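Visitor: Sequence:
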Amino acid sequence: MVSSIGNNKLSLKNQEFKDQTLRGLWLKGIDRLKKYSITDSALECELLLRSALGYTKSDFYSHLPDALLEQEVLLIERLIERRLLGEPTPYILGFKEFYGIEFYVSEDVLIPRPETELLVDLSIAKFKDGGLIADIGTGSGCIAVSIASQLPNLKIIAVDKSTHALQLARKNIMLYDMIGRIDLVNSDLLTSFKPGLKFDLIVSNPPYVPENIYETLDKEIKHEPEIALNGGIDGLDIIRCLVQQANTLLSDRGSLLFEIFSDNANDALRLTSELMPMSKITLHNDLLGLPRVIEVQKLL
1 MVSSIGNNKL
11 SLKNQEFKDQ
21 TLRGLWLKGI
31 DRLKKYSITD
41 SALECELLLR
51 SALGYTKSDF
61 YSHLPDALLE
71 QEVLLIERLI
81 ERRLLGEPTP
91 YILGFKEFYG
101 IEFYVSEDVL
111 IPRPETELLV
121 DLSIAKFKDG
131 GLIADIGTGS
141 GCIAVSIASQ
151 LPNLKIIAVD
161 KSTHALQLAR
171 KNIMLYDMIG
181 RIDLVNSDLL
191 TSFKPGLKFD
201 LIVSNPPYVP
211 ENIYETLDKE
221 IKHEPEIALN
231 GGIDGLDIIR
241 CLVQQANTLL
251 SDRGSLLFEI
261 FSDNANDALR
271 LTSELMPMSK
281 ITLHNDLLGL
291 PRVIEVQKLL
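Per my numbering, residue 1 is the first one in the sequence shown, and the count goes up by one each step.
Simulated from the structure, these hints should not be mistaken for laboratory data. A few of these clues could be false.
Claimed, not checked - List of simulated lysine to aspartate or glutamate pairs, EDC-like, C-alpha gap at most 16 Å:
(1) K155 with D188
(2) K128 with E102
(3) K57 with E107
(4) K161 with D188
(5) K28 with E81
(6) K298 with E226
(7) K280 with E226
(8) K298 with E274
(9) K34 with E46
(10) K171 with D183
(11) K222 with E46
(12) K161 with E226
(13) K128 with D108
(14) K161 with D177
(15) K280 with D252
(16) K28 with E44
(17) K222 with E107
(18) K298 with D252
(19) K171 with D108
(20) K171 with E107
(21) K155 with D200
(22) K222 with E211
(23) K126 with D200
(24) K219 with E87
(25) K35 with E107
(26) K57 with E102
(27) K171 with E274
(28) K161 with E102
(29) K34 with E97
(30) K126 with E211
(31) K128 with E115
(32) K57 with E70
(33) K34 with E44
(34) K128 with E44
(35) K219 with E107
Just so you know, these numbers come straight off a predicted model, no measurement behind them.
With the hints as constraints, model all of the structure from the sequences given.
Guide: Structure below.
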């Protein structure tokens with residue numbers, strides 16, 4: 001995938017990268033990122049340099065001894081400055097890998113995270129193929145596209161209230177030739193759907209961070225859309241609406257899968273059982289053993 005690098009008018013006070021080899025630039029970049037306590041500094045710096053130069057991983061390592069042109073050095077410096085100012089690497093690169101697939105991303109959508117892959121795994125296990133799925137708050141479309149990549153005979157409706165997010169999701173859907181298999185709908189959760197429509201599965205990674213915790217998040221995370229993170233005072237505002245709406249739109253024995261804030265698991269479970277009492281509720285942990293996804297199967 002060709003990443004999209006936006007223009008940035010940061011002043012370049014640090015000229016120490018001039019007339020260096022790729023290896024030298026990489027090592028100096030790693031050192032600068034480490035000083036700002038950026039984890040995985042070697043990998044992040046490699047990705048920034050590869051993006052600036054248009055290199056694959058193998059290209060990068062084969063060209064380590066090469067000296068770079070001044071304009072290449074300046075571009076690399078600009079990208080590193082953006083990272084040091086707290087801009088997340090996926091936004092700088094213009095893409096992020098999720099479920100083994102690269103997706104276009106921008107500041108209009110949440111950056112896909114590895115823990116959310118559990119939603120995809122559970123969806124695939126739940127529906128071997130066929131059926132109608134709704135992906136609520138689709139953002140980049142990473143969940144919908146990942147599910148569709150494994151289950152070729154189902155239909156997915158990907159929903160978002162942000163038109164900018166839907167534009168980016170369309171770009172990813174077109175990239176992987178899924179127009180016709182994934183439809184996009186501009187809606188606030190499920191409010192645009194009539195009760196006569198029934199989904200076999202509703203999947204969502206909703207905003208679930210409690211407001212007081214959101215206010216303390218690192219500036220890097222604050223680059224992401226607040227609407228995709230802030231779940232209100234108790235972190236359950238959107239989940240509350242989602243469960244209520246899903247209860248009327250799920251088919252018989254249909255399921256709802258949604259990601260939660262791990263520290264809020266008990267409250268989320270209690271809320272779900274109150275709103276959908278005639279259902280089977282299961283809590284799934286992520287690879288770190290933390291509560292991550294609630295599964296609700298409608299029984300009546």
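Visitor: Would you mind marking each hint as holding or not holding in the structure?
Guide: We went through each hint and held it up to the structure:
no., hint, in the structure
1, K155 with D188, "violated (20 Å)"
2, K128 with E102, "violated (23 Å)"
3, K57 with E107, "violated (26 Å)"
4, K161 with D188, "holds (5 Å)"
5, K28 with E81, "holds (13 Å)"
6, K298 with E226, "violated (31 Å)"
7, K280 with E226, "violated (32 Å)"
8, K298 with E274, "holds (13 Å)"
9, K34 with E46, "holds (13 Å)"
10, K171 with D183, "holds (12 Å)"
11, K222 with E46, "violated (24 Å)"
12, K161 with E226, "holds (13 Å)"
13, K128 with D108, "violated (32 Å)"
14, K161 with D177, "violated (23 Å)"
15, K280 with D252, "holds (12 Å)"
16, K28 with E44, "holds (13 Å)"
17, K222 with E107, "holds (10 Å)"
18, K298 with D252, "holds (6 Å)"
19, K171 with D108, "holds (13 Å)"
20, K171 with E107, "holds (15 Å)"
21, K155 with D200, "holds (10 Å)"
22, K222 with E211, "holds (13 Å)"
23, K126 with D200, "holds (10 Å)"
24, K219 with E87, "holds (8 Å)"
25, K35 with E107, "violated (25 Å)"
26, K57 with E102, "holds (15 Å)"
27, K171 with E274, "violated (39 Å)"
28, K161 with E102, "violated (23 Å)"
29, K34 with E97, "violated (23 Å)"
30, K126 with E211, "violated (32 Å)"
31, K128 with E115, "violated (21 Å)"
32, K57 with E70, "violated (22 Å)"
33, K34 with E44, "holds (11 Å)"
34, K128 with E44, "violated (36 Å)"
35, K219 with E107, "holds (13 Å)"
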